[in-house]
Every structure is written in C-alpha cells, then in structure tokens.
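Asker: Sequence:
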Amino acid sequence: MPRPSSHQGFHGGLNVAFINIRYNILQQQHIPISPNTFLALFVSVTLNFLELKYQGKDFSPFQTHPKMMRVATVSLLLYCFAYDFEKRLCSPAYVHIVRSGRAVFGLLLSVSLASVLFQDSVCVGLFFVYILFSNWEILNHRVKGMYDWLQRRMNRRNLLPV
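Using numbering that gives the first Met the number 0, read the sequence shown as starting at 0 and increasing by one per residue.
It is possible that part of the hints are untrue.
[Stated by the list, open to error] Each computed DSSO-like pair below joins lysine-lysine, with the alpha-carbon atoms no more than 27 Å apart:
#	residue 1	residue 2
1	K56	K66
2	K86	K66
3	K86	K143
Simulated from the structure, these hints should not be mistaken for lab results.
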C-alpha cells in the first residue's frame, strides 16, 4: 500500500535514508561487527532504498515483485527461528547446523530484497553470489571438521610436532 504524500521531494527522502544509515552505523560502532549486525544494517538500508524507489507510486514491491517479497518474508521468518533456536539449543553438536542455516537464510533475505531494487540482469549476478556464499557456508564446517580430524589422527601417530 503506498504511503501518503508528505510533500517531501526526492532530496528529503534521500536525506532520511542517509540519516538512517548514519544512525545505524553510529549506534553499532562500539560493537564488533557480527553477521547479525551486518544483516540488520543491510536490511534496514535496503528497505529505506525500497521506500525511496516506490515513493509516490500507486504500487508497492509486493505488487511488482510478489515472489521475491514472499521469499524475503519467509527467509526473514526462518532466519528469526534459526536465531532463536540457536540461542535455546543446549547441545553444541548441532550449533554449526543451525548457524549455517541461519547464514543461508540471512543471505537469501539480503539477496531477495536487493534483487527488487535492481534490474533482472543484476539479479542473476546476485543469486549467483548467493549460491557461492551459501555453499561456502555449508561446506566450511565440513572442511574444518575434516581438517581437525586429520590433524588429530596425525598427532596420534606422532607424524606432526605437537
């Protein structure tokens, strides 16, 4: 649903977007940047730019890109569920699975929101980057696990110095 006109031009809307960006950066400056912080900043900035893109129009991103907005909404919900589940999880054996799932859903949320802003040719590149990063996130734990296993096995046989 479009927002009512507030007699603000493009310049005023752009100032609001940059003020929000600056506020988010200054507010989170004392905290080391974690993936959650970066995702929160990226999503808020992307939503500000979406608001600017559709300002004064009779349609919304939900009408022009319904599939992408559904993907973004579902990704946000799954990200939130994974984040909550990770905090409540007692067994450290499954934390890496939940953390990888959270990273994949966060990446999908970012890419789906960003793809609404850009043309279709850029969207293909965004989803290609998403596939690369999500595969890296999922395989990263496997590679680390195999490396640790190999190192422990070699240490037991005294093949490597301790």
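Asker: Taking the numbered hints from earlier one at a time, note which ones the structure violates and give those numbers from smallest to largest.
Answerer: 2
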